[in-house]
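Enquirer: Sequence:
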Amino acid sequence: MNFLSELRARLSQALTGLVDDPAPYVGMLKPAQDAKFGDFQANCAMSLKGVLNKPPRDIATLIVSRLSLDDLCEPPEIAGPGFINFRLKTDQIATATQQLIRDDRLGVAPVTEPRTYVVDFSGPNVAKPMHVGHLRSTVIGHALDKILRFLGHTVISDNHVGDWGTQFGMIIYGYKHFRDDAAYQADPVRELARLYRLVNQLGDYHTLGTELPALEASVTTATRTLELAQATATKKPEDKDLARAARKAQNDLKSAQDELASAQKKRQAVENDPALKSLADAHPQIAELARAETAKLHAGDAENQTLWDQFIPQCLAELQKMYARFDLKFDHTLGESHFNPLLAGVVEDLLQRGIATESDGAICVFVDGFAAPFIIRKANGAYTYATTDLATVQYRVKEWQADVILYVVDARQSEHFQQLFATCRKIGFDTVDMRHVSFGTVLGEDNRAFKTRSGDTIGLESLLDEAIDHARIIVRKNIDGKVHGADLSASEIDEIAKVVGIGGIIYADLHHNRDSDYVFSWEKMLAKTGDTATYIQYAYARAQGIFNKQSIDINSLRCQSQNIHISRLEERTLALQLIGFQSALLDVVTDYRPHYLTQYLFKLANDFATFYEECPVLKEADAGIRQSRLLLCDLTARILKKGLELLGIEVREIM
RNA sequence: GCGCCCGUAGCUCAGCUGGAUAGAGCAGCGGAUUUCUAAUCCGCCGGUCGGGGGUUCGAAUCCCUCCGGGCGUACCA
0 MNFLSELRAR LSQALTGLVD DPAPYVGMLK PAQDAKFGDF QANCAMSLKG VLNKPPRDIA
60 TLIVSRLSLD DLCEPPEIAG PGFINFRLKT DQIATATQQL IRDDRLGVAP VTEPRTYVVD
120 FSGPNVAKPM HVGHLRSTVI GHALDKILRF LGHTVISDNH VGDWGTQFGM IIYGYKHFRD
180 DAAYQADPVR ELARLYRLVN QLGDYHTLGT ELPALEASVT TATRTLELAQ ATATKKPEDK
240 DLARAARKAQ NDLKSAQDEL ASAQKKRQAV ENDPALKSLA DAHPQIAELA RAETAKLHAG
300 DAENQTLWDQ FIPQCLAELQ KMYARFDLKF DHTLGESHFN PLLAGVVEDL LQRGIATESD
360 GAICVFVDGF AAPFIIRKAN GAYTYATTDL ATVQYRVKEW QADVILYVVD ARQSEHFQQL
420 FATCRKIGFD TVDMRHVSFG TVLGEDNRAF KTRSGDTIGL ESLLDEAIDH ARIIVRKNID
480 GKVHGADLSA SEIDEIAKVV GIGGIIYADL HHNRDSDYVF SWEKMLAKTG DTATYIQYAY
540 ARAQGIFNKQ SIDINSLRCQ SQNIHISRLE ERTLALQLIG FQSALLDVVT DYRPHYLTQY
600 LFKLANDFAT FYEECPVLKE ADAGIRQSRL LLCDLTARIL KKGLELLGIE VREIM
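Numbering that gives the first Met the number 0 puts the first residue of the first sequence at 0, with every later residue one more than the last.
Heads up, a few of these hints could be off.
Here are the simulated DSS-like cross-link-like pairs (lysine-lysine), alpha carbons at most 27 Å apart as the crow flies [what the hints assert, rightly or not]:
1) K35 with K88
2) K239 with K253
3) K548 with K145
4) K602 with K527
5) K265 with K253
6) K481 with K618
7) K481 with K320
8) K425 with K481
9) K234 with K253
10) K276 with K264
11) K640 with K320
12) K548 with K602
13) K397 with K425
14) K425 with K523
15) K29 with K88
Quick list of the computed label-pair ranges, beta carbon to beta carbon [claimed, not checked]:
16) E465 with K234: 55 to 63 Å
17) E226 with R352: 49 to 57 Å
18) A34 with S413: 36 to 44 Å
Hints in this document: simulated from the structure, not taken from any laboratory.
Just so you know, these numbers come straight off a predicted model, no measurement behind them.
From the three backbone atoms N, C-alpha and C, an ideal C-beta is built for every residue, glycine too.
From just these sequences and the hints, can you work out the full model?
Expert: Structural data, given as structure tokens:
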């Protein structure tokens, strides 16, 4: 029984005849924002004031008189300006809770109209080790993938890895000129990553060298602009525009100085290292030559293709190790390279249909509202990720019959996606619903985005390792501090530490609204109290502990006894939360926001903890109440476990 | 310049298809433990929702404007 939709249906009946279209008013019936107002509230009477020309409280009275819900609710109460408050009958809650006991789906009915979703997430560059910047896409995408599947949709997860771009030219160049064979034998991916960083660093060294005078000039210009602006502003202190211009000049100067300083720092890093310096001197054209290696690869050069064929499986295998730690498996890993054969056709088609035009030598789609064009072929003939993305959409629609494509990608790429979607509409892909599920940036301690190419980003591998190490210390301390703690072996402790550490990282990310930026911090990632994975995992372990204590057979319990007795407020609150699991999942899916599920689970764990304090289970003398409470524990544990699983987080029975 | 996003308690954030006294967690303070695992529970403290105007019976939420911050902005992905 979904009480919300049932109540809305009843309200709709009551409004029929009063208003032309009850739908918008029915939507104003919502879960109560505060438990003291009951379980649900209808806010439509105030809005109907202008429609029915009556005072809202009179309208509320009228609506209540037309409502028939004696079977579900206590008599509705009218409060404040005209709120209608509903309180469910407790036996109705009990009945609804009972229905979950033998329901494998825990009250979550499969959707009546399943759709085919392609979820595009993670998408790292295979040439480089994954770092914290890849965490959000991976974790959010994984959660959406699992939740959509559980709701009964057809989901195709696709890891659109970067395996064909500029960075591969760098690796190939590095491999040809700088490789350390012993290191490559020992750990090929590690050596390739080193080569990538090296080529990138040397390339930057030269590029920045040519840019340095311009950067210095812009600092000089910005300084003069600032002096002028300040002088003008001082003469007319009352002029706000002048003051603003002065502030802007100040900021511009600071940006110019920062940019120069950063360039100088990168130059210095090379100059201070004789070995690097001599490599840099020996390869003055490195950036250009690396780009040429990419071009050769794309043109079908045999040597580069062979190298690529050799590198790719190793890189993908390395990625799999990371995904295994998240227990994540993709249905497909169709990287950029997979779409290479389609790119020429895409451009040709758009040109022929007049959707794309040539501009400054590049083939572009001009999208209304965007100053910059959507470039699908560069002046030098190379394709861009715009081209690849267009080909990918075509593929997903034709081969997979996608109804919806979700792109779980950084918010900074939103313009790209708007242009991509607009271009797809021009092409005529109007049946597929494409959504950029964007998310905020992971920031460093300095409140600036992690730079993909800076050496000091934290690798995902070491992030997970460190989280587990931290967790192990805390797990040990907790176990040792228990009065009635279980004796756990070192390997059992390791298992718990793994689940707590990785779960903590996943949860720390997911519990934010995905739009928010967040500052990366060990403290937050590994917090063990409050609104964290650990808290929820612990609630699960406590519930399981009750069953383990007396070796209760849960299966037979579920079969024999199916009466939920609700006599205490804590039981009522817990039961009401239990029957809201479906609703929480549907909330996630309406706007692809997993944090609604973390909020639900935290509230459930908290309701359970309160219940656990106040309502004895095993010590309860009344056998019926004891059975009922055992069932509540069982349902809580099942929903916590399932909910966490949908977020990619595991549980352990003993913590 | 143009475009997008953000500004809510000391800190980290929810809430933003308008609804009742703005909610959580952390930190701080005070209680609860011969425990069904205290990785817990209960209570207290804490906010001009960046400022100002407007729409409305009602605005953190919608509109305008200003301030402050971030990001993007033609051949990287």
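Enquirer: Indicate, hint by hint, whether the structure satisfies it.
Expert: Outcome of the hint check:
1. K35 with K88: With a Cα-Cα distance of about 15 Å, the restraint between K35 and K88 holds, given a limit of 27 Å.
2. K239 with K253: This hinted pair holds, its Cα atoms lying about 21 Å apart.
3. K548 with K145: Violated - the C-alpha atoms of K145 and K548 are around 33 Å apart, more than 27 Å.
4. K602 with K527: The given pair, whose Cα atoms are some 16 Å apart, holds under the 27 Å limit.
5. K265 with K253: Holds, at about 18 Å.
6. K481 with K618: Judged against 27 Å, a Cα distance of about 21 Å means the pair holds.
7. K481 with K320: Distance of about 35 Å is beyond 27 Å: violated.
8. K425 with K481: violated, 65 Å
9. K234 with K253: Within the cut-off at roughly 24 Å; holds.
10. K276 with K264: Within the cut-off at roughly 14 Å; holds.
11. K640 with K320: Holds, at roughly 24 Å.
12. K548 with K602: Cα-Cα ~25 Å, so holds.
13. K397 with K425: This hinted pair holds, its Cα atoms lying about 17 Å apart.
14. K425 with K523: violated, 45 Å
15. K29 with K88: holds, 17 Å
16. E465 with K234: 55 to 63 Å: holds, 57 Å
17. E226 with R352: 49 to 57 Å: holds, 54 Å
18. A34 with S413: 36 to 44 Å: Between A34 and S413, where Cβ atoms are some 39 Å apart, the hint holds.
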